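2 protein chains.
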Amino acid sequence: MTTTVAPSAKDVDVEARVDVASLTHQLLGRWGDLRLFSRAIVGDPRFQKIEGLPVAEHRERVLEQLKLLVTEAKVLRAFPERLGGADDAGGSLAGFEELVAGDPSMQIKGGVQWGLFASAILHLGTPEQHDRLLPGAMTLAVPGAFAMTEIGHGSDVASVATTATYDEETQEFVIHTPFKAAWKEYLGNAGKHGVAAVVFAQLITKGVNHGVHAFYTPIREQNPDGSAGAFLPGIGGEDDGVKGGLNGIDNGRLHFTNVRVPRENLLARYGAVAADGTYSSPIESSGRRFFTMLGSLVQGRVSLDGAAVNAQKIGLAIAVRYGNERRQFPGANGEETVLLDYGRHQRRLVPLIARTYAAHFAHDRLLDLFHAVFSGETDTPESREDLETMAAALKASSTWTALSTLQECREACGGAGFIAENRLTGLRSDLDVYVTFEGDNTVLLQLVGKRLLSDYANEFKNIDAGGMARLVVERAADTVLYGTPVARALQTITDQGQRRRAVGHLRGEDAQRALLADRVETMVEHVAGRLRPASKLPAAEAAALFNQNQHELIEMAKAHAELVQWEAFTKALLDVKDEGTRRVLTWVRDLYGLTVIENNLAWYLMNGRLTGQRARTVSSYIDRLVLRLRPHAQDLVDAFGYGPEHLRAPIATGAEKERQDEARAYYRALRAAGDEPVKEKHLQKKR
Amino acid sequence: MTTTVAPSAKDVDVEARVDVASLTHQLLGRWGDLRLFSRAIVGDPRFQKIEGLPVAEHRERVLEQLKLLVTEAKVLRAFPERLGGADDAGGSLAGFEELVAGDPSMQIKGGVQWGLFASAILHLGTPEQHDRLLPGAMTLAVPGAFAMTEIGHGSDVASVATTATYDEETQEFVIHTPFKAAWKEYLGNAGKHGVAAVVFAQLITKGVNHGVHAFYTPIREQNPDGSAGAFLPGIGGEDDGVKGGLNGIDNGRLHFTNVRVPRENLLARYGAVAADGTYSSPIESSGRRFFTMLGSLVQGRVSLDGAAVNAQKIGLAIAVRYGNERRQFPGANGEETVLLDYGRHQRRLVPLIARTYAAHFAHDRLLDLFHAVFSGETDTPESREDLETMAAALKASSTWTALSTLQECREACGGAGFIAENRLTGLRSDLDVYVTFEGDNTVLLQLVGKRLLSDYANEFKNIDAGGMARLVVERAADTVLYGTPVARALQTITDQGQRRRAVGHLRGEDAQRALLADRVETMVEHVAGRLRPASKLPAAEAAALFNQNQHELIEMAKAHAELVQWEAFTKALLDVKDEGTRRVLTWVRDLYGLTVIENNLAWYLMNGRLTGQRARTVSSYIDRLVLRLRPHAQDLVDAFGYGPEHLRAPIATGAEKERQDEARAYYRALRAAGDEPVKEKHLQKKR
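Chains as they are written, first to last, in our numbering: chain A, 1 to 687; chain B, 1 to 687.
The hints are simulated quantities; they were obtained by calculation from the structure and are not laboratory data. Owing to the predicted nature of the structure, the values given are computational and were not obtained by experimental measurement. Do not rely on the hints blindly, as some may be mistaken.
It does not matter which identical chain is meant; a pair holds if it fits inside one copy or across any two.
List time: in silico DSSO-like cross-link candidates among lysine-lysine, alpha-carbon distance up to 30 Å [unchecked claim]: (1) Lys-681 / Lys-536; (2) Lys-450 / Lys-536; (3) Lys-67 / Lys-206; (4) Lys-571 / Lys-450; (5) Lys-536 / Lys-74; (6) Lys-192 / Lys-536; (7) Lys-450 / Lys-180; (8) Lys-681 / Lys-571; (9) Lys-192 / Lys-180; (10) Lys-206 / Lys-74.
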């Protein structure tokens with residue numbers, strides 16, 4: 001192993017260095033102004049988490065923060081202009097994602113109020129309902145819960161057991177909880193502050209169950225000062241109490257005993273009931289209607305992807321700064337060595353920087369796609385489906401990565417990382433639930449996997465077998481490059497035959513793409529092949545067959561997410577204006593691609609895609625990239641653009657360096673004065 | 001892939017089933033009575049954590065628990081009989097490890113008081129000092145801190161900067177903190193409750209620095225009721241405040257401004273200063289003396305290994321019970337499917353059960369070795385060194401595994417896993433710091449790696465090249481089988497030539513051993529080969545060479561730890577009396593071995609130890625083992641022996657099943673009465 005690498009021809013005349021300001025500008029992206037505005041907000045101590053605050057106080061503080069956000073921030077941009085919003089779906093989410101730097105509880109409680117409760121009214125309601133119900137939800141005059149999940153049904157929303165039965169005589173819906181497992185559960189704002197809820201229940205009229213619909217339902221009395229009072233008649237509930245994180249949010253349970261709401265409170269965009277009890281819907285298929293309604297709430301997943309990436313950035317900015325200042329164990333020259341000069345420390349942190357950049361750029365593309373769909377620019381069933389698939393894949397990927405990154409950062413900071421004021425443990429605890437809420441990651445990846453299989457099956461019908469497997473990689477690239485996969489890219493990648501050959505130049509972009517895409521394609525072919533008999537089997541056997549392949553299906557979906565991230569990173573390199581920066585970022589992209597390949601090296605070897613000889617070069621090239629990037633690590637995390645008011649970790653303020661400098665100065669002075677005691681071992685003869 | 005496996009000849013006549021009671025008895029092991037006694041203690045609500053308690057209250061509660069432990073538990077067994085102990089090193093730790101089920105803060109604060117503060121007096125002090133200082137430390141009359149770590153020096157204890165300078169005139173040591181980085185940091189009991197500390201400082205007498213020694217130092221006034229008052233003159237400090245977990249412990253910082261302690265307070269077993277300032281020690285080499293002193297405190301690592309394994313057991317017992325009762329999504333027969341019947345869910349949890357069993361049995365062997373050394377049975381420099389190596393390897397391995405296992409358990413329980421009352425998040429947060437305290441895992445593994453290299457080098461001198469590489473595997477087996485590696489085992493394993501051949505029968509014990517051992521040996525040879533030039537290089541280049549290999553060195557140490565765990569598991573199979581249980585446990589052992597191999601499959605392929613064809617069978621055999629073990633999952637976690645008073649998670653009490661049964665009964669009744677609404681999709685014609 002050597003520490004120097006012969007630069008390639010096109011590298012030699014450009015000095016590798018990061019122009020931090022311009023990279024920060026690029027990372028801020030399309031809605032940079034809104035991001036900066038949000039960052040300024042959370043730079044204000046009023047919007048910042050106080051670690052260790054008792055739960056009750058934390059909850060009240062976060063409620064107050066939400067009230068301040070209404071007037072001081074731009075949290076209402078997603079709503080209609082006529083109601084004080086800006087009809088700006090993408091910009092609204094961009095700004096919202098930045099709130100995580102203040103306090104994830106504030107972000108998520110805001111998400112409950114505006115992203116779920118008010119958004120359900122916006123997306124599932126009619127214009128009349130917008131006028132009537134949105135203002136209170138937007139201004140926080142009506143704090144609300146999003147009552148979808150039940151104790152008995154988390155991931156399987158279609159099976160919720162709460163019923164809303166239409167009573168023709170009174171023109172009311174009767175909302176009812178039939179048994180304990182049907183209690184609504186884990187609802188933010190339900191524990192204490194909520195006075196209304198959007199309740200998801202099986203709509204029953206004229207003896208027919210039309211499936212899950214949403215009902216605007218007052219749940220608590222409201223005191224003159226606007227605070228929540230007692231439960232309304234027929235409504236009960238419990239507080240979820242302490243949680244593993246996000247303790248600034250009052251999660252709770254709700255149940256309903258024949259609670260009556262007026263007919264007009266059925267959010268009726270996708271399904272309405274006439275006075276006489278007749279049901280009607282613009283979407284004929286009850287299955288498609290259900291998925292359309294759920295799909296309109298995709299923004300939660302989009303914003304969690306963005307917030308998770310932001311939390312990683314904060315963690316890495318803290319750990320890299322500390323790793324660049326903290327010294328431990330004397331080196332060869334007698335001076336103590338900075339942590340980030342240790343090979344292992346570099347291997348722990350630098351690849352995580354690369355992964356974070358990849359996740360960032362992929363999120364940017366996801367947000368573009370989200371905006372295109374929700375602004376109406378390209379709102380088609382296909383683009384909605386693509387958006388949902390991409391959101392599911394990236395949300396699962398980045399929320400898991402956030403946890404592992406924050407944990408690695410905390411460990412890399414040793415005991416100091418465990419002290420709450422250094423923020424790493426708190427961020428990790430708060431983000432923990434991101435991996436199972438708004439769609440459990442495992443369930444989301446299964447959806448992604450099924451989508452990849454059905455695309456494959458569709459393509460199979462239409463094209464010859466040779467071109468079949470190109471689909472998946474094209475979809476990944478298309479989603480990234482063109483916003484929607486409807487626009488098929490020209491065949492920019494090497495063809496199937498070439499792709500399958502053992503790769504010669506791992507550093508090359510084409511080689512990385514080929515390896516990453518090939519893995520996804522091959523897994524899709526493989527799983528599809530194994531599942532093919534299912535259509536001819538009895539249901540139980542078909543289910544067993546699927547179950548046997550569930551693990552690989554999910555691994556395949558993960559591989560797809562990583563391919564999407566890599567494609568997004570690669571596309572973003574085109575936008576880097578500064579050549580020195582592009583050179584560094586290209587290494588970062590290579591490091592990401594090769595790390596993914598290294599993590600799946602056994603697959604490449606078993607499937608004959610890499611020879612043993614070639615596979616060994618993956619790790620050694622990663623070693624070299626890490627070493628090459630080490631001098632740029634600080635710049636790369638500085639470019640995330642967070643100031644001390646966002647990091648707020650004493651270990652990332654220069655205090656560590658100050659202490660070490662003081663210590664070294666002390667010893668120098670002692671030596672200079674001749675006051676240093678002789679070390680015993682220097683007195684003893686060598687043994 | 002098939003779900004049935006042809007049983008091997010010796011399997012056919014034994015029904016695979018777990019005799020839970022006898023397996024529990026085996027797991028309780030050598031000090032089972034003491035473990036059961038401890039479990040009874042922590043089954044009492046007075047000794048249990050209350051989630052969400054404010055920090056100040058939690059700290060007082062834990063202090064009170066410690067006082068109760070003195071009178072009600074058997075926490076003093078490690079101390080001398082003449083002072084009320086039982087001279088029982090191993091039994092004491094066994095009982096202590098079980099306290100984690102009550103509250104990890106209680107366990108670790110107990111560890112600070114008895115395992116560090118009092119143990120430092122025991123192991124570093126003279127009999128006179130035992131008589132004078134131990135009783136107060138044992139009875140908690142004197143709550144004490146263990147003041148070793150400094151802000152500037154965590155892992156590098158030899159470089160602590162606090163000085164203890166002998167003053168011949170007054171026959172006192174002057175303890176002094178020269179600068180901010182030398183503040184003692186992260187000390188349990190220092191934030192609030194401690195009235196004394198064992199302070200580690202550079203001992204300077206007659207102008208010579210004799211290295212780090214320990215000094216018994218009062219730090220706070222003690223109120224008449226025994227509680228801690230103000231700092232004594234010259235002493236200052238700060239509270240560490242909120243931490244990422246273990247908030248029942250009052251960690252804090254201390255600093256000393258020319259604080260005088262009498263000469264008699266130098267804990268003088270390994271180094272004494274006469275009245276005239278003459279230094280003497282029974283250990284001539286200052287380096288060896290330092291490591292002997294530190295090594296006497298190895299029990300902390302031993303007990304963390306045990307406690308981490310116990311925490312995993314609790315997590316898995318909760319998650320498996322829930323996975324066996326929780327239903328989600330209708331299956332082929334219309335009934336909802338139990339989570340643990342999903343392929344992915346099995347793949348998530350069952351291998352963790354296997355890993356936990358392996359870690360358990362390895363810990364048992366570690367505890368045996370610890371007892372052998374500390375009871376004096378086989379207290380030799382070699383056995384101490386072996387103990388330290390094994391403790392370092394297993395502590396690092398099991399504390400990391402505890403975190404990943406608890407996290408997987410929490411995610412496998414979805415939102416319910418995030419609610420604090422279900423304990424998974426709290427256990428994880430409390431155990432988080434286990435991976436960096438009492439020896440940072442990365443630093444510990446580096447020590448293990450260096451030990452493996454030096455053993456290899458020693459062996460290299462004495463034996464022919466052919467036999468050279470057998471050393472490492474023999475050491476692993478010896479440590480496990482014979483308590484110390486001094487007794488060399490007969491060559492029970494296949495020879496080098498055979499081992500290097502691609503393996504035919506992965507299920508076989510010999511094949512697993514060969515693969516696991518071969519990897520460690522080969523990595524040792526490889527790293528040793530790459531480091532060989534270092535001895536001839538200038539210091540800076542030698543350090544750079546080492547640094548380039550640090551990552552692999554640490555991976556090698558991890559592989560060694562896994563081999564030790566596998567060997568311990570395999571040895572334990574011999575002690576399983578019930579044949580059905582042994583059959584199941586043999587699968588569990590196979591699953592552990594194959595999972596380790598699967599995790600490193602790329603290595604085996606690149607190094608020609610497995611063909612691509614054979615490598616593919618690893619994963620498919622794992623799939624089959626997981627499926628085979630699925631029906632035994634509940635028995636395997638029940639055998640850990642924890643009752644509801646230890647699990648204390650509402651989701652692991654049967655409540656989930658009750659709710660589901662109620663829901664299913666409701667729907668059955670509805671159908672029977674003909675009251676079920678028709679589903680819309682059943683009305684519509686198929687589209």
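Okay, the hints, checked on the actual structure:
no. : hint              : verdict
1   : Lys-681 / Lys-536 : between (80 Å within a copy, 23 Å between copies)
2   : Lys-450 / Lys-536 : within (18 Å within a copy, 59 Å between copies)
3   : Lys-67 / Lys-206  : neither (43 Å within a copy, 68 Å between copies)
4   : Lys-571 / Lys-450 : within (26 Å within a copy, 44 Å between copies)
5   : Lys-536 / Lys-74  : neither (55 Å within a copy, 65 Å between copies)
6   : Lys-192 / Lys-536 : neither (52 Å within a copy, 70 Å between copies)
7   : Lys-450 / Lys-180 : neither (32 Å within a copy, 58 Å between copies)
8   : Lys-681 / Lys-571 : neither (59 Å within a copy, 44 Å between copies)
9   : Lys-192 / Lys-180 : within (20 Å within a copy, 46 Å between copies)
10  : Lys-206 / Lys-74  : neither (44 Å within a copy, 69 Å between copies)
Violation of the numbered hints given earlier is confined to hints 3, 5, 6, 7, 8, 10; the remaining hints are satisfied by the structure.
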